[in-house]
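S.K.: Now for the letters of each chain:
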Amino acid sequence: MTSYTKRTVWGIIVEITSANNTTATILAISGRIDTATAPELEQTINKEIEQGHRKVLLNFAGVAYISSGGLRVLLATAKKLKSPDDKFALCGLSPEVYKILKLAGFTSIFSIYPSEGEALAGW
Amino acid sequence: MPAGNDQLVPSTWQPLPGAAGAEIYPYIRKVDVISSNSFLIRTPDVILVIDPGGLTDQAEMLAEIIAGCRAERDRSVFVLLTHAHIDHFNGVRDVPAFAYPNTAVLLVQEEGAQALERGDRFLTQADMFNLSIPPIHVGVHLFASTRTDQADIPVELRPANGGRLVITRLAEDPNGHQAAHERILIGASLAVDCYHTPGHSPDSVCIRIGSIFFIGDLLFAANPGVAGLAGWSQEALVGSLTAMEPLLTGEGITIICPGHGRPITPANAASMLILVKRDALTLSDIAEFNRERATAAAVYAEDCMEEVNELFTIMAGRLDYVAYVLSELGEAGIAEDARALMNGDKVDELLDAFRVFAEEHHRGENLSVHLALKAGQVIGKLEQTFNKSDLSQIIDPGMIRRAERLLSDFTTMFRGYTPPREIAPVDLSALLDVLVAGCTIPACSDDDVLSSADDDEAFRAILIARIGARPLLEDVRFSILGKPEHLPVVLDRDLFCDLITYVLEDLVGTGSDTIQAEVRTTETTAQLTITGNAVTACAETGRCRRFLYGLSERAGGSLVAGRDESGAAMYTIQVARAI
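In order, the protein sequence lines correspond to chains A and B.
Sequential numbering from 1 applies to the first sequence in this note's numbering.
Sequential numbering from 1 applies to the second sequence in this note's numbering.
Just so you know, these hints were derived from the structure itself, not from any lab.
Think of the CB as a built atom: it goes at the ideal place given N, C-alpha and C, for glycine as much as any other residue.
As a list, the in silico BS3-like pairs of lysine-lysine whose alpha-carbon atoms are at most 27 Å apart: (1) A:K79 x B:K346; (2) A:K87 x A:K47; (3) B:K346 x A:K80.
Here are some chain A residues pointing at chain B (derived, C-beta under 8 Å): (4) S68; (5) G69; (6) L71; (7) R72; (8) P95; (9) Y98; (10) K99; (11) I100; (12) K102; (13) L103; (14) G105; (15) I109.
Using the sequences provided together with the hints, build the complete structure.
M.R.: The following block contains the structure:
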């Protein structure tokens, strides 16, 4: 990674940290992804994609809860990043969030890794 | 701003329709259990407050308006309660304009008056809010037993506030189909008709002034969390609803003012009355809804909502997944139809609202009864967010049945009944075979897909079901040891299946790709141990464990959740063998 920038949105509830280099954009999210915060997450991801960052890794290590609105944001992102050169993956999922993704069928749509390192190793 | 004959403008003085010379000031609140609506009515010589509400702020605001009226022209003040529940009167206790002797005279039906005068914390529902109330003097007892045999004879009263009342007990219908009726002339010209309508409480009255009926909590009396309150009576309620039917839609009635929420038309009130009566008729033998039950309901509500939250998020997510795959296949129209079967945004909004409320509850900002009522409200609305039969064609019908059972069990429990269960002899070996097959074999086989290839509609339906209903154990190595050919046990089949499914979902959902079940027996018991190969969250969280423990007890067994020596999650369920 060549550069690392950190931005905070969603006030004290959720923090997004972006790390951009030539290979990946990492969004580190913390807090709940619910009715209030899912639109903000979607906007932030979209902004990255609009800027041409098409290898996106969401680090969910700090996410304790995801609502159905949050799931839709993940699907919408998967839809946007489906060209052969694009990458979209999640890492650091808590057992509670992994369970929701697994039972909703999402684990077959995008890759899920234990950590950032393991995700980026394959990119 | 003048009001029309069929509407009232909130928080504004306006002519009271049908009562010449009288004006009304409606104070309409959003519906809650803390405080009722209040209605101020004034004539040149009298001010009448119907239900001053449960909050001091509200009573102070009313007192200020009354003071303004009295500054223009002094007049005597009366307070009439539709019933003596704390949310309808408690605000006046600390407000001098109401609380000092002889400032305002309280009029309450006799049983409510007696409850107030002895500081009865149960009939007034103060106990539900963990409050006590001091004795409150009631100036005029309505429907007093001393007037029972004085039908049609006007009785003049001169209460301590210097005002004048004339009460006439109307002769009762010999068939007993009408509500007891007293006509009260307050001051020189304010004619008030009171009808005794017990049921919600023994002292409930409906009040007609001009073309307005004030009906207190009559339309809420069959609601969960309301039905069964101390003093509630199903028989009396059904009688009161029957008696009020013709009166609410009677000649000249244009507005119905409930104790909570906005005024409604007589036609709407009549329709609601029919539904309330239908509900009330089903409510025989419900348990009393008291503080203990509210506390138990709140605990169950939180456990239940935790599961509801997870199930509904998974269901909504699965539907989105189906829609996603369909749109990838170029079936955007069908994808949209699938997505429309469940309102995910509404689900999120409701679940969020409950979470915020529960957090407030844990900070001590609201009581158990509030949390239980909130859960009841959220669950009632959640039931309307999904189309069950169509959804069952797309995602695992077992999941939808579990969601339905969760919602209805809470409502049943909240209603004061024990959620249903049927403990009966079952062959555990056969039941496990069916359960495992259901979790392993796809709902639609390859043959189903091939045989539908010539029929577009059938093919689409099978394709959707195949995408939506993936077997829970499809990517899991599952084995079961020690299962005899037959093992008769006693349990509730549906609840036991739910329990095993929750356990398997927990193991699969938290990353186990190998699950082993083992059956062991003693002379009197059968024990099923299910172990995954990954650490599970559920075994470690108290609330989830409490929910599963409760479910296993209801299913007729007992559960121990823990870990095996390797740290993997392990659930042991024990049931009694059928002798």
